[in-house]
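Chemist: Listed below are the residues making up each chain.
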Amino acid sequence: DAGVIQSPRHEVTEMGQEVTLRCKPISGHNSLFWYRQTMMRGLELLIYFNNNVPIDDSGMPEDRFSAKMPNASFSTLKIQPSEPRDSAVYFCASTTTGTRATEAFFGQGTRLTVV
Amino acid sequence: SQQGEEDPQALSIQEGENATMNCSYKTSINNLQWYRQNSGRGLVHLILIRSNEREKHSGRLRVTLDTSKKSSSLLITASRAADTASYFCATPYYNTDKLIFGTGTRLQVFP
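Quick mapping for you: the protein sequence lines, in order, are chains L and G.
First residue of the first sequence? That's 1 in our numbering, and the numbers climb one at a time after it.
First residue of the second sequence? That's 1001 in our numbering, and the numbers climb one at a time after it.
Just chain G, with the same shape it has in the complex:
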């Protein structure tokens, strides 16, 4: 079963625009992670935010976490064609080590 659901399922933007993806999850968590998957490749970790953090930055990435709403957002600023990929959120299921992934957002950045 899916723990998280991403919204939107697909997103198309022009280079230079910002891309925002949202993730909702169901259980209590101690951290939330975002991953990227290029077509035909394995997932690559982008950023981890712990439950006591509200916002975290890494380069052009900004992640927010609202544990009261059980939601997180990933913002990619000044997007590039190379950002074209699927993006997934992942959470430990009921604070176990069982890492469950959401349904993913397919991002297409047009040059």
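In isolation and in its complexed conformation, chain L is listed as follows:
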């Protein structure tokens, strides 16, 4: 397995533009997480899905952020409109959860810069 795949690796966009980040989890994993990492706030959990269903989106900062998981092999995180304070590294991670919980596998991240 190629691991968790995120795209793009880097994104530079102008304030007000829509940004879509993509993630392909590891096949067979039933949970997917979106995290945001900044120097000031560390690693924040934005939202997580279990069996493609959003379970907890309490970490999503504003209505400008939305996430979807249309099937077990694909998820998106969208920011519309983007703002400079959204600049961060966004990570996707997948894992097997429940009574047989195992470790989370992270993608390489998308470094977003909003100018």
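Since the hints were derived computationally from the structure, they do not count as laboratory data.
Hints should not be assumed to be uniformly reliable.
Label pairs and their in silico Cβ distance ranges [to be verified]: (1) Gly28(L) to Arg1050(G): 44 to 54 Å; (2) Arg22(L) to Gly1040(G): 16 to 26 Å; (3) Pro54(L) to Thr1067(G): 23 to 33 Å; (4) Pro54(L) to Glu1017(G): 26 to 36 Å.
Which stretches of chain L does chain G cover? Using the computed rule of at least three CB atoms under 8 Å from a CB of chain G, they are [what the hints assert, rightly or not]: (5) 11-21; (6) 48-61; (7) 65-77; (8) 85-97.
Predicted, not measured: the structure shown is a model, and the values here were computed from it.
By construction, the Cβ of each residue, glycine as well, lies at the ideal position given by its N, Cα and C atoms.
Chain L is fixed; fit chain G onto it per the hints.
Modeler: Chain G alone, transformed into the frame defined by chain L:
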């Protein structure tokens, strides 16, 4: 919000020395995990310890868990320059699947 807090925030040692990092968490857990992050990269899982375990080893890593104190420690023995990275603990929030990370410890190992 952060579930765990690592201590110290930063640690600098010489190659060959041992490095100890501590993690405190707030809620009941069924497992605790440690991850490493090299600069500019994603997090990599190091070790998972379940709530009914007190100590676990993996190579040069030793993890302890004290559920009564809600704390864990990660010991890296005979450190190498390649161990230079940030180290994070992570716990499931109130035993849900919500995996929350601590604030991290930045480890610098000088050759």
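Chemist: Hint by hint, say whether it matches the structure.
Modeler: To see whether the hints hold, each was checked on the structure:
1. Gly28(L) to Arg1050(G): 44 to 54 Å: violated (21 Å)
2. Arg22(L) to Gly1040(G): 16 to 26 Å: holds (20 Å)
3. Pro54(L) to Thr1067(G): 23 to 33 Å: Distance hint for Pro54(L), Thr1067(G) holds at roughly 30 Å.
4. Pro54(L) to Glu1017(G): 26 to 36 Å: violated (45 Å)
5. 11-21: Check failed, 0 qualifying residues.
6. 48-61: With 4 residues closer than 8 Å to chain G, the stretch 48-61 of chain L meets the three-residue bar; holds.
7. 65-77: violated (count 0)
8. 85-97: holds (count 4)
Hints 1, 4, 5, 7, counting from the list given before, are not met by this structure.
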